[in-house]
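Visitor: If you read the protein sequences in the order shown, they are chains A and B. Using the numbering used here, you'd call the opening residue of the first sequence number 1364 and step up by one each time. Using the numbering used here, you'd call the opening residue of the second sequence number 1364 and step up by one each time.
Please note that a few of the clues may not be correct.
Each pair may be met inside one copy or between any two copies, as identical chains are not told apart.
As the list claims (entries may be wrong) - No farther apart than 27 Å at their CA atoms in a straight line, the calculated lysine-lysine pairs in the DSS-like style are these:
1. LYS1468 / LYS1396
2. LYS1809 / LYS1617
3. LYS1767 / LYS1392
4. LYS1561 / LYS1550
5. LYS1396 / LYS1778
6. LYS1572 / LYS1550
7. LYS1793 / LYS1392
8. LYS1561 / LYS1572
9. LYS1372 / LYS1756
10. LYS1756 / LYS1461
11. LYS1392 / LYS1461
Everything labelled a hint here was simulated from the structure, so no lab data went into it.
Protein chains: 2
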Amino acid sequence: MLDLNLDLKNKYYSLYSQIRGKILSGKIKAGEKLPSKRALAEELGVSVTTVQLAYEQLLAEGYICSRERSGYFAERVNSPEPPPRNQSVRSESAQKEKFFCDMVKGNTPAHMFPFSTWARLMRLVLADCGEHLLERVPCGGDPELKQAISDYLYRSRGLDVDPRHIIIGAGAEHLYDVVIKLLGRDKIFAVENPSYGKISSSYALGGAKWVAVNVGEKGIDVTQLANSGAHAVHISPAHQFPTGAVTPVSVRLKITEWANSVGGYVIEDDYDSEFRLSGKPLQNMFGLCPSRVIYMNTFSKTLAPSMRLGYMVLPPELYNRYITLFSSSANIVPLFEQKALAAMLNGGYFERLLSRLKNYYRGIRKTLLEKLFAFGGDCEVSDSGSGLHIIVKFPRAQSDAQIKERAAELGVNLKCVSDYLIAPRTGLEKRAVINYSGLTAEILEKL
Amino acid sequence: MLDLNLDLKNKYYSLYSQIRGKILSGKIKAGEKLPSKRALAEELGVSVTTVQLAYEQLLAEGYICSRERSGYFAERVNSPEPPPRNQSVRSESAQKEKFFCDMVKGNTPAHMFPFSTWARLMRLVLADCGEHLLERVPCGGDPELKQAISDYLYRSRGLDVDPRHIIIGAGAEHLYDVVIKLLGRDKIFAVENPSYGKISSSYALGGAKWVAVNVGEKGIDVTQLANSGAHAVHISPAHQFPTGAVTPVSVRLKITEWANSVGGYVIEDDYDSEFRLSGKPLQNMFGLCPSRVIYMNTFSKTLAPSMRLGYMVLPPELYNRYITLFSSSANIVPLFEQKALAAMLNGGYFERLLSRLKNYYRGIRKTLLEKLFAFGGDCEVSDSGSGLHIIVKFPRAQSDAQIKERAAELGVNLKCVSDYLIAPRTGLEKRAVINYSGLTAEILEKL
Chain A
1364 MLDLNLDLKN
1374 KYYSLYSQIR
1384 GKILSGKIKA
1394 GEKLPSKRAL
1404 AEELGVSVTT
1414 VQLAYEQLLA
1424 EGYICSRERS
1434 GYFAERVNSP
1444 EPPPRNQSVR
1454 SESAQKEKFF
1464 CDMVKGNTPA
1474 HMFPFSTWAR
1484 LMRLVLADCG
1494 EHLLERVPCG
1504 GDPELKQAIS
1514 DYLYRSRGLD
1524 VDPRHIIIGA
1534 GAEHLYDVVI
1544 KLLGRDKIFA
1554 VENPSYGKIS
1564 SSYALGGAKW
1574 VAVNVGEKGI
1584 DVTQLANSGA
1594 HAVHISPAHQ
1604 FPTGAVTPVS
1614 VRLKITEWAN
1624 SVGGYVIEDD
1634 YDSEFRLSGK
1644 PLQNMFGLCP
1654 SRVIYMNTFS
1664 KTLAPSMRLG
1674 YMVLPPELYN
1684 RYITLFSSSA
1694 NIVPLFEQKA
1704 LAAMLNGGYF
1714 ERLLSRLKNY
1724 YRGIRKTLLE
1734 KLFAFGGDCE
1744 VSDSGSGLHI
1754 IVKFPRAQSD
1764 AQIKERAAEL
1774 GVNLKCVSDY
1784 LIAPRTGLEK
1794 RAVINYSGLT
1804 AEILEKL
Chain B
1364 MLDLNLDLKN
1374 KYYSLYSQIR
1384 GKILSGKIKA
1394 GEKLPSKRAL
1404 AEELGVSVTT
1414 VQLAYEQLLA
1424 EGYICSRERS
1434 GYFAERVNSP
1444 EPPPRNQSVR
1454 SESAQKEKFF
1464 CDMVKGNTPA
1474 HMFPFSTWAR
1484 LMRLVLADCG
1494 EHLLERVPCG
1504 GDPELKQAIS
1514 DYLYRSRGLD
1524 VDPRHIIIGA
1534 GAEHLYDVVI
1544 KLLGRDKIFA
1554 VENPSYGKIS
1564 SSYALGGAKW
1574 VAVNVGEKGI
1584 DVTQLANSGA
1594 HAVHISPAHQ
1604 FPTGAVTPVS
1614 VRLKITEWAN
1624 SVGGYVIEDD
1634 YDSEFRLSGK
1644 PLQNMFGLCP
1654 SRVIYMNTFS
1664 KTLAPSMRLG
1674 YMVLPPELYN
1684 RYITLFSSSA
1694 NIVPLFEQKA
1704 LAAMLNGGYF
1714 ERLLSRLKNY
1724 YRGIRKTLLE
1734 KLFAFGGDCE
1744 VSDSGSGLHI
1754 IVKFPRAQSD
1764 AQIKERAAEL
1774 GVNLKCVSDY
1784 LIAPRTGLEK
1794 RAVINYSGLT
1804 AEILEKL
């Protein structure tokens, strides 16, 4: 019909711009009739709404006109205003993948996300809240979502959290920024070594001083922490990344003792604690010492990486400071997303998704471990049963570089523990970080 | 039927929690049949989807059960899990208004927002983009929205902006934070005195040094700026808040000369430039010197204050630094809002809204000016024909405090220019800031 080639990620826009291009170049002549919305939708295998959106835009910009009961016709466009602009806008997009198996990034497989439920909840929120969606959201977030998160934390972790003390933020990095503003840039933040590089770089970019403190099999080195001069410590006691360390209660208590003695704070980053695949989770740091612990989590790992939504629970003293600093600001997350997430939590959909994801990842992990056992003595798997990555030692490898090269030859993107060092340290060589959160049965099949 | 009293801002949630309360307290007995969704919706004057959402949540949490072809019945709830939690979650909400006329905050009247169009576009985006809405957005924002903003800036301001250089952010304060990270905290930011307090406080909270530079009738004092040691200057040349100063081209050129000479940057905050109600707008600073000017604007004034969506255009050098710093981060604004706004811009709805808003505010301003003329020589109106506020001098008033007291007696919330001083300065007394962006004909009637 029109010989179009749609970009599936951006259907309506590519449909719009291709028809516009054809009108501007004269391939569709002035006065020529365009296919009906329904016919074009069928031909292209897209929804009628997609075509409608494209036609509406062409209509608004004067490229086509609509005649009642006849359809849509191309307009005469002599000197187009605005002229077609061919600047490339795609430079930030990802490069072509050269690995078929990515064990570094690892986003939740899209097919696991209950998109139809989410879309339904969004439509319900739109109908239910109406124009109230346009209202200013209090600085800490929508009270309904805060209540829903408080209820969820109570059901899932036994945490008794005053919903007022929950702060909704736009993902982890934004929450780190708020913490820096709350504690002040004169404070020193201790960060685990090794750890996910974005933690220390976020503190640095936010203008705070940070110091690296080694993490061992039982979590952060408390003696080193006490000698570091730090006022706050950022840790993931449930499942440290990348070492996989689970901090035992005895060490957790020592950390809270330290925080009490220096009048400092523990930032408990619970980034993948939902994925404890075997055994019972340990009590949260926040539950041990609510006056000295900032509890932090996001929905990036559980819902979708595009969902820039996280939260933290502040101790009362910090909450009061938060209100002093931010009460005149509106919350940063659109109310629409907050309401949809509240409906997802309150309706039990989130916990059903978690249980599906856990089953899914149990299967992935099992297959993965079987593949690794085939290596025999060449590798040693250390798996704490928590989270979405495991550490595999290759004692006979020559170097970390060699491990990654071998993996790349197999089409596997891989990092080693040493890649996550934020300060020089030895003794962590020849350990590959196997992040399986983005893997599927199909990918594993090919390994 | 059930004797319910819904909170209209949160219909489904208050419906859910009230029914839950009645089941827990035994007011609805175990086994008792609940009204049908349709009947309850009719009685309460809400949509069936609202009731459906509430029933679904009660169902998910086990407070009610559903029997096929019979309806919904209350369950026996002995020891409720989780127990009802009565913590107040409303403490951050606004206090009761004691003024009927607010000339300080002034949000766009909700009835002006084309909610049905917006809701329709959101539904279209949901249908059109589907699961792609879950994908990670490149750090600078959705390419389609960036292109739409670039096209809009070209149509409305004649600005030729490479869409790549546009950065989508979550409102003004978030963009200030990004600018601090781009330019560095060792730099000094010059801020207009007087100005909106959130500008200097955002720089301070972001850890940057700032210095106040006086603003006069022709904009910022360039000599003082040159002597301030500043590396960057934050100005609103189109219509300064609160003085109302419009910076003439001669001064604009001097400011860009200064920026060139110190290798610094101008942050052109174009916060209300859409509302030039008479005459033609002056050329943007960005158009004068694209290599030294960061152009910044938001949709808070034009769409809704809850719409935490803004953008800035970076000079190429800063854009490259942005990519270096942030390429591993996802954009902070949900893709859903970005797509909906792109559809609004591309479909011409945004410009239609602007033109309706301008007409509306012309009417409000006319009535307001007539009211003020009735004061005769007691007041002098200075109105540049731009933006959504005017400055009114009361030369015979005793003090600024007296002006505000008198206004409060009339039920009017008002601030004076001196309330916006960010460093001591005299000569700006007895000037009231009449922000009419939140006013309606009904409110003006009562004045």
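Visitor: Using 27 Å as the alpha carbon limit, work out where LYS1372 and LYS1756 are close: within a copy, between copies, both or neither.
Guide: neither (40 Å within a copy, 56 Å between copies)
Visitor: Is it within, between, both or neither when you check LYS1392 against LYS1461 at 27 Å Cα-Cα?
Guide: Classified as neither: same-chain Cα gap 43 Å, cross-chain 63 Å, threshold 27 Å.
Visitor: From the Cα coordinates, with 27 Å as the cut-off, is the pair LYS1561 and LYS1550 best called within, between, both, or neither?
Guide: both (19 Å within a copy, 24 Å between copies)
Visitor: I want to check one pair: LYS1756 and LYS1461. Are their C-alpha atoms no more than 27 Å apart within a copy, between two copies, both, or neither?
Guide: Within one copy only: 25 Å inside a chain, 68 Å across chains, cut-off 27 Å.
Visitor: Regarding LYS1396 and LYS1778, is the shortest C-alpha distance of 27 Å or less found within a copy, between copies, in both, or in neither?
Guide: neither (56 Å within a copy, 59 Å between copies)
Visitor: Between copies, within a copy, both or neither: which fits LYS1809 and LYS1617 at Cα up to 27 Å?
Guide: This pair counts as neither: shortest intra-copy Cα distance 46 Å, inter-copy 65 Å.
Visitor: Go through the copies and call it for LYS1572 and LYS1550: within, between, both or neither, with a Cα cutoff of 27 Å.
Guide: Answer is both: 7 Å inside a copy and 18 Å across each meet the 27 Å cutoff.
Visitor: Within a copy, between copies, both or neither: where do LYS1561 and LYS1572 come within 27 Å Cα-Cα?
Guide: both (14 Å within a copy, 25 Å between copies)
Visitor: How would you label the pair LYS1468, LYS1396 (within, between, both, or neither) given a Cα cut-off of 27 Å?
Guide: neither (48 Å within a copy, 51 Å between copies)
Visitor: Treating 27 Å as the Cα threshold, decide for LYS1793 and LYS1392: within, between, both or neither.
Guide: Answer is neither: 65 Å inside a copy and 64 Å across each miss the 27 Å cutoff.
Visitor: Can you give me the call for LYS1767 and LYS1392, within, between, both or neither, at a CA distance of at most 27 Å?
Guide: Result: close neither inside a copy nor across copies, 56 Å intra and 64 Å inter.
Hints 1, 2, 3, 5, 7, 9, 11 from the list above are not met by this structure, while the remaining hints are.
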